[in-house]
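Peer 1: Protein chains in written order, with the working numbering: chain A, 17 to 266; chain B, 272 to 544.
Bear in mind the hints are in silico, worked out from the structure with no lab data behind them. Fair warning: there could be bad hints in the mix.
Pairwise CB distance ranges (calculated) [as the list claims (entries may be wrong)]:
no.: 1; chain 1: B; residue 1: Q394; chain 2: A; residue 2: G178; range: 20 to 30 Å
no.: 2; chain 1: B; residue 1: D288; chain 2: A; residue 2: L254; range: 49 to 59 Å
no.: 3; chain 1: A; residue 1: F183; chain 2: B; residue 2: P384; range: 19 to 29 Å
no.: 4; chain 1: B; residue 1: D288; chain 2: A; residue 2: V97; range: 27 to 37 Å
no.: 5; chain 1: B; residue 1: K333; chain 2: A; residue 2: R103; range: 18 to 28 Å
no.: 6; chain 1: A; residue 1: M164; chain 2: B; residue 2: G287; range: 23 to 33 Å
no.: 7; chain 1: B; residue 1: K333; chain 2: A; residue 2: Q181; range: 17 to 27 Å
no.: 8; chain 1: A; residue 1: L100; chain 2: B; residue 2: S317; range: 34 to 44 Å
No residue lacks a Cβ here, since even glycine has one placed at the ideal position from N, Cα and C.
What follows is each chain in one-letter form.
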Amino acid sequence: MDRSNFATRSIQISFLAVLAGAWWLATETGSISRLFLPQPRAVYAAAERLVQTAAFWSAVSVTLMTIAKAFLIAMIAGIIVGYLVTRTRLATQVIEPIISGLFTIPITLFFPMFILFFGIGTGSKVAYGATYAFFPIALNTIAAFSNMDERYLRAARSMGAGRWQTFRHILLPGALPVLMTGMRIGFFICFASVLGGETISSVAGVGRNIAHAAELMESARMYAWIVFVICTSVTLNLIVYAFENRIRNR
Amino acid sequence: MSESAISIRNVSQRYGDAGAPDSVLALDDISLEVRKGEFVCLLGPSGCGKSTLLNVIGGLFKPTSGTCHVAGRLVDGSPHPDKIAFVFQESTLFPWYSIIENFRIALKFQGIPQSEWDDRAMQALKAVGMSSFASHYPDQLSVGMRQRVNMARGICVETDILLMDEPFAALDEQTRMVLGEDLSQLLAATGKTIVFVTHSLAEAVFLSDRIVVMSARPGKIKTIIDVNEAHPRSPDFMLEPRFSELRNECYALLRDEIRSTMAAQRDPQSAGA
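Turn these sequences into a full structure, and let the hints guide you.
Peer 2: Listed below in structure tokens is the structure:
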């Protein structure tokens, strides 16, 4: 188990090292224009300068707050709607296909409408991210509560469990793994939507800064931002996975 | 001695409305008295309504007509967890709770004060030799171990009546016999009244005081066979000629039922409903 785990990790790390090596090689030999892909050390220098500015931290906090608000709204709305839908079989049959159908529409198409309704500030990004993330959270909530094994409910009833006890000790823990999957997917959709929205049209935030650096052809600074976003995303992913595993193996 | 623990009078159970084409009469006018401390098996082909009858006794189903009294109380489609405990197949241990938590939750649902939970749980686990697995999760145990624990969960709530719905169906033959022996011993020690649903002939003969042989569609009581053998029963009982005779008697009764059920499944039109 440990040995194969070690092997997997080694392969994954080697893959990243090869990627970084290819980046270094391609830029050092000049086979790719440095305007499109600057050298690693140029990006590193730009990143070092970036983190020393106050603007950097204010952009990061704007984006993180936007993501947090969007996710919170999506989570609350998605779980409540999803749970209520599963209360009757008819509602599940009618509404589940509608929600999954709507989720196939690229909601990005409506982004201009979000700007029209909520303005160019953070409000439009909150609404956009929340709308996008609502769907996977609601769909997974429906799946989590409607696939409950009838045998557990029957056993609980035979033991004299009341309504609230059944929810608290049977329905909720039984649904939790799938519920967590929905929230993880929802969270990363939020993350991507907010950053994407900021890149397209906004006045502040990380996405705005990336777009701005690109407009000014300051590609080293743009890549410094992107590397920062990738690091944040990987870290958040690890945190969410650890949290999910903890809940699963409680 | 002949005090009645469960009294079933003229119970019928119909699924769907009478007259509707998909309506099924699962139980047809069943009457049965189960004495206190008795071990009764409901034996019959699949689809004969034996699980339905068990659910009626346990208050999980409300019968279409007829009454069922348990310890003098009318059971009318609502569970009586202070009197009746169910043991289902081993897969009804809640996988998100550890073994000890599974016991705590059963006792909590039943309304037992929290101070008694752990003592009772450990006592029941000791009785089936599983006390060292209290903090394991169900999926860390083998199927046989899980069913041991599941039986103990049914016992720890200390009801007078235990209803067991094919509890050993998922087990292999050997494990099934060993657990059957354990159950026979536990029964002798606690004096519980047990109604046990099975489709295994050997299990029915080995465990029961009386075997209720049921016929299929609509479910009726065909015969009741007495097994005069004291509990706890040793595996030697299985080697006695009487054991084989009883087993063969059950088989002879069931064979026709099973054939007619299979014929009905192959060709529903020609078999008289």
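Peer 1: Against this structure, judge whether each hint is valid.
Peer 2: For each hint, the structure was consulted:
no. : hint                        : in the structure
1   : B:Q394 x A:G178: 20 to 30 Å : holds (26 Å)
2   : B:D288 x A:L254: 49 to 59 Å : holds (57 Å)
3   : A:F183 x B:P384: 19 to 29 Å : holds (23 Å)
4   : B:D288 x A:V97: 27 to 37 Å  : holds (34 Å)
5   : B:K333 x A:R103: 18 to 28 Å : holds (22 Å)
6   : A:M164 x B:G287: 23 to 33 Å : holds (24 Å)
7   : B:K333 x A:Q181: 17 to 27 Å : holds (22 Å)
8   : A:L100 x B:S317: 34 to 44 Å : holds (38 Å)
Of the numbered hints given earlier, the model fails none.
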